[in-house]
Amino acid sequence: MAPSDGPHRVFITGMGVVGPHGLGADSTFEAVLEGRSAVTLSETGRDEVAAEVLLARSPFDAADHFPRPERMFMARAAAMAVVAAEEALEQAGLDPQDRTAGKLRDAGTWMGCGLGGAEALEDGFQRYYQRRTRRAPPSTVPLIMANGPAAHLSMRWGLQGPSLSYSMACASSAAAVGEALRALRSGSVDRALAGGAEAMLTGGILAAWEALGVVARTHPDGPEVSCRPFDAARTGMVLGEGAAVFVLETEEAMRDRGAEPLAQLLGYGTASDAHGLTEPHPRGQVRAMEKALADAGISPGEVGYVSAHATGTHTGDRVEAASLREVFGDAVEAVPVSATKAVHGHLVGAAGALELLLTVQALRHRRIPPTAHLTEPDEEAMGLDLVPDAGREAPGLEVALSNSFAFGGSNAALVVGRV
Amino acid sequence: MNAYALIVEKLTQDFGVDADAIHPGATLSELGIDSLSAVEFIFELEDELGVELDPEEAEFETLQEAADLLERRVEEQEG
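First to last, the sequence lines map onto chains A and B.
In this text, residue positions in the first sequence follow the working numbering: the first is 9, and each later residue adds one.
In this text, residue positions in the second sequence follow the working numbering: the first is 196, and each later residue adds one.
Just so you know, these hints were derived from the structure itself, not from any lab.
Each hint should be verified, as a subset may be incorrect.
On the chain B side, residues computed to face chain A include the following (Cβ under 8 Å) [to be verified]:
#	residue
1	Phe210
2	Gly211
3	Asp213
4	Leu231
5	Ser232
6	Glu235
7	Phe238
Where a beta carbon is used, it is the ideal one built from N, C-alpha and C, also for glycine.
Let the hints inform the model, and build the full structure from the sequences given.
Listed below in structure tokens is the structure:
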């Protein structure tokens, strides 16, 4: 159907993921619900720069999905995005093989990505600085560009609507989904692929992350329990990689083809800390959450679950706890809050999308994933219901909030409702 | 050194071209290789043969012409 004047209600009708727990929205949710950690001590670099780094790598191998001619100009992040989108389209009942039916032709693409083809960037530097050659593969630029994932989705399925990429570090994909919500709501498009992709676990880039002093140290009980959001013994974040993609549709477009929704995308809020590059401030986080709730027409008391951004850094988790207290007030202790990065790590440009996917699963199944490895909550998090030890049933769960807060002070929050 | 054999191998193994479609008079565009893939194709051949073609001399139409160019460049370099 043709787009028309809004505001339209917007629904999620399909979703897919490629991440540290492999492929598939259902198996990923099961793993996270069980608190099964994908974090390992992983070898990076070679020779004098070889190092073992805590990572949540994805078992994904692009060669299993794409022949060499297709992979040639497709970075790892983009390949993950395409496979995640295939799952989302299939679940939505939109035939990925059918480019001519028109259901996808007018759709848009909204993707978040922090760094693009990190492996091509590093390979290019290696050639230039180490092998001392100015001869770079012609594929380098198409691989590096951060809008690669969005471009591949648009090209693969003939999506001729907007193809937009958002790069605000850890909030990239939450913002991408939120901006897609606005476009659909307004009626400028009626169908979209939205999400995020990130794959930057290369030696040089990991060394740079370590230099910031935000990466976790190996816990005495083992690498797998080293990412400990809100725990007093937390030492930092663990980087992960992956992609998560949603099919979003207006109510009319969805009903028109007889599709069923997984959840309703209710609201989006974004705000800047206007404070520090790496140090968060509650004011931006609070504004983002409050705007998202207002956008959804939901009061804080109606929120039944919060998927925290909580990466496991000292400052980040402390500030988020303070922000949650401000938004929810005295009622904060009644809202379950979990930090799933404990088991899937921090997917940076794909983090918001993966966590929204888990939040949608929590609503659908009315089961809340735990904050794994939480043995002794930090002082700032005392009194919060952090869902320690194990996931739990949530029979009355109707509305949830998913937070994404980024370096640079960009914050995005999404509100999603059960259908 | 048989540059033509290398070209055929690369086209079939890395660029997904059907071996039956390949013949010395074929052009890259006839084989479905777009302009971006074509520059990557030449780059990879140069890399494997350890030579570099000047952009002006890298002009060719057919696979045989490309093979001849590459072989000449290898000979010049070795000579």
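Here is how each hint holds up against the structure:
no., hint, verdict
1, Phe210, "holds (5 Å)"
2, Gly211, "holds (4 Å)"
3, Asp213, "violated (12 Å)"
4, Leu231, "holds (7 Å)"
5, Ser232, "holds (7 Å)"
6, Glu235, "holds (5 Å)"
7, Phe238, "holds (5 Å)"
In terms of the numbered hints stated before, the structure departs from hint 3 and from no other.
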